[in-house]
Amino acid sequence: RKLPEEQMVYRIRSQIPWKWAAPEVLSKKTFRTKADIWSLGVALWEILHSGESPYDSEKGRLLQEDILGGIITGEITLKVPSQTPALPKLIVECCLQHDPILRP
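FYI, in UniProt numbering the residues of the sequence shown are 1 to 104.
Honestly, the hints are just simulated from the structure, not real lab data.
Incorrect hints may have been included.
Dumping the calculated DSSO-like pairs for lysine-lysine here, alpha-carbon to alpha-carbon at most 27 Å [stated by the list, open to error]:
id : residue 1 : residue 2
1  : 89        : 59
2  : 59        : 79
3  : 59        : 28
4  : 19        : 59
5  : 79        : 29
6  : 79        : 19
7  : 19        : 34
Modelling step: build the complete structure from the supplied sequences, incorporating the hints.
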């Protein structure tokens, strides 16, 4: 059964694994189903990158706070490798849409 929207929200006050958290989770600390889709996209991105940790390429040039801010605003994104076949690339890119409404 499908839950009403108000029952699908979970707020937290504790630390979260920010590398896998959707932008709206980082900014509002609110979880919805679309945030799970984002986390799936990050996990699939890791597979396509042979286990590389998300956002590690930014660590040398930015502070963690700047990376978090970039994720929240959409200025920092995870790129799918160019040699990735079309379907897996499309799946990951759909899951990592900054706007949760655009995610599957």
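The hints, checked one at a time:
no. : hint      : in the structure
1   : 89 <-> 59 : 24 Å, holds
2   : 59 <-> 79 : 15 Å, holds
3   : 59 <-> 28 : 24 Å, holds
4   : 19 <-> 59 : 12 Å, holds
5   : 79 <-> 29 : 24 Å, holds
6   : 79 <-> 19 : 14 Å, holds
7   : 19 <-> 34 : 16 Å, holds
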